[in-house]
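Student: Letter by letter, the chains look like this.
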Amino acid sequence: MFQKPSPSISLNNNEDKLHQAQDEVETVVGPSVSVEGDFSSEGNIVVKGTVSGSVKTSKRLTVEKGAKIFANVRAGEAVISGEVRGDVKISDKLELTSTARVAGDIDCKVLAVEPGALIYGKVLMKGIEPEKKEKLGGFGRLKVKGEEENVAVLQ
Amino acid sequence: MYVYLYDNFLKNKKFDSTLRAIETRLTDFSIAGKIVRLQNFTNSKAVIEDEIKKGASTIVIVGNDATFGQVLSSAATCGITFGFLPVGGDNTIAEVLGIPIGEEACNVLSRRRKVKLDVGWFNNRYFVSQLHIPPSDIAVEYDEKFKVSSQSKKMELVICNLQPYIWKGDKEDVVVHPQDGKLEAFLRPVVKRGIFGRQKYEDPSIFPFEEMIVFSRTPFVVEADGKESKETKIKIHLAKKKIEMVVGKERKF
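Chain order of the listed sequences is Z and P.
So the first sequence is residues 529 to 683, counted in the working numbering.
So the second sequence is residues 54 to 306, counted in the working numbering.
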């Protein structure tokens, strides 16, 4: 009644998964293609060309080497190997490879930076809070303690 | 009552045995019905409307991708259940619908697993399988949000609804099966001309969308389900759940 586990069965399962992965259509911007405007997608986005405006996806964004994005970027996770000029807001993991160039603020949960990647901007990460603001009294002026330390400015 | 629309190419003797096997299997399932043979200039919509008046409940297309596109592009609005029995070569849509080629397709038809399919709509015309614009100087605007253009100016555009998109990759052919619920646009800019004047294309850019506008200063050719026309601006969008179709369990959506 029940089939014995065999290598052929496990291989078949793997093949099915592979087939499903190939079938999943993602948005791809080719090397000589340029996109202008609010570029958003519900699935994964792969950028090999140029995008100006804004880029938004709830899933994975891949910016390949040689690609240029002149826009604010929002994504679930991202791997950047090209150039981004704009703020990058990632809800999960951001990976910057050695060829990445980011000119803008970065906001993410997990950050992985390969040696050689260039960043010009603030890096804000969830999980660490700035120290509480203390009121000095008087005319409602606030003194902020330790705020500078929690914000990494990389150049 | 079932009505079977046979494509003209099935007159060829090499399909005799397949058709005989199909007809026997249909009789076994008690779903045999009237056979209408389509000619090159037959108006499928008029034939189907006529058969509906006579009491047809299911129209079954017998042929290949071309037959499927030709019949459904004109008869999508008829409001009747469609079935498909793929015979011979050029049958890529059948795989997407989960229908095996030849007499095995009769089993799928007899089970009557019905699904409502989306169809593409452009300039007052439906297209079911694919829309193709050969390399032209075009620009594209998606969902009124972003505009796509190419540095090389000339681009080929293929929009897939049910027919899979196949292109020659670096090492092997790549096949993308379209999903239901959206149309997929494949844009291939012309990079350069190769030996003997053959055009070389870049790997395609892929954009799933619900509405798009293609425009150009000069008229460009549009081929949809085998019909060709020249346009300067087309608006393409998805007409959801337009066709009721008998599909197989192994369908790709």
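The set of hints was computed from the structure by calculation and includes no laboratory data.
Heads up, some of the hints might be wrong.
[To be verified] Computed footprint of chain P on chain Z; a stretch qualifies when at least three of its residues, placed anywhere within it, have a C-beta under 8 Å from a C-beta of chain P:
1. 562-568
2. 619-631
[Unchecked claim] Each pair of labels, with its calculated beta carbon distance range:
3. P/Arg90 <-> Z/Gly571: 37 to 45 Å
4. Z/Ser562 <-> P/Gln252: 34 to 42 Å
5. Z/Gly604 <-> P/Phe268: 54 to 62 Å
6. Z/Ala631 <-> P/Ala119: 47 to 55 Å
7. Z/Glu642 <-> P/Glu157: 39 to 47 Å
8. P/Val168 <-> Z/Ser562: 35 to 43 Å
9. P/Ala292 <-> Z/Gly571: 44 to 52 Å
10. Z/Gly571 <-> P/Glu297: 26 to 34 Å
[As the list claims (entries may be wrong)] So these bits of chain Z aren't anywhere near chain P, every CB distance computed over 10 Å:
11. Glu554
12. Thr555
13. Val556
14. Val557
15. Lys593
16. Val607
17. Ala640
18. Val641
These numbers come from a predicted model, not from an experiment.
Glycine included, every Cβ here is placed at the ideal spot set by N, Cα and C.
Student: Can you take a look at whether the region 562-568 of chain Z is actually covered by chain P? Rule is 3+ residues, C-beta closer than 8 Å.
Tutor: It holds: at least three residues are needed, and the region 562-568 of chain Z offers 7 whose Cβ sits within less than 8 Å of chain P.
Student: Is the coverage entry for the region 619-631 of chain Z by chain P consistent with the three-residue Cβ rule at 8 Å?
Tutor: Per the Cβ count (0), the hint is violated.
Student: Within 34 to 42 Å: is that where the Cβ-Cβ distance between Z/Ser562 and P/Gln252 falls?
Tutor: 20 Å, violated
Student: Confirm or reject: Z/Val641 is not an interface residue toward chain P, with every Cβ-Cβ distance exceeding 10 Å.
Tutor: 29 Å, holds
Student: Does 35 to 43 Å hold as the CB distance between P/Val168 and Z/Ser562, or does it fail?
Tutor: Cβ of P/Val168 to Cβ of Z/Ser562: about 38 Å, so the range 35 to 43 Å holds.
Student: Taking the beta carbons of Z/Glu642 and P/Glu157, is their distance inside 39 to 47 Å?
Tutor: 53 Å, violated
Student: Checking a non-interface call: every C-beta of chain P should be farther than 10 Å from the C-beta of Z/Val557. Is that right?
Tutor: 5 Å, violated
Student: Is the hinted range of 37 to 45 Å satisfied by the C-beta distance from P/Arg90 to Z/Gly571?
Tutor: Holds, since P/Arg90 and Z/Gly571 (Cβ atoms, about 44 Å apart) stay within the stated range.
Student: Is the distance from the Cβ of Z/Gly604 to the Cβ of P/Phe268 consistent with 54 to 62 Å?
Tutor: 33 Å, violated
Student: Taking the minimum C-beta separation from Z/Thr555 to chain P, is that value above 10 Å?
Tutor: Check fails; 6 Å does not lie beyond 10 Å.
Student: According to the definition I'm using, a residue is off the interface if its beta carbon is farther than 10 Å from all beta carbons of the partner; does Z/Ala640 meet that for chain P?
Tutor: At about 27 Å from chain P, Z/Ala640 clears the 10 Å cut-off, so the statement holds.
Student: With 47 to 55 Å as the target window, see if Z/Ala631 and P/Ala119 comply at their CB atoms.
Tutor: Holds - the Cβ-Cβ distance for Z/Ala631 and P/Ala119, about 52 Å, lies within 47 to 55 Å.
Hints 2, 4, 5, 7, 9, 11, 12, 13 and 14, counting from the list given before, are not met by this structure.
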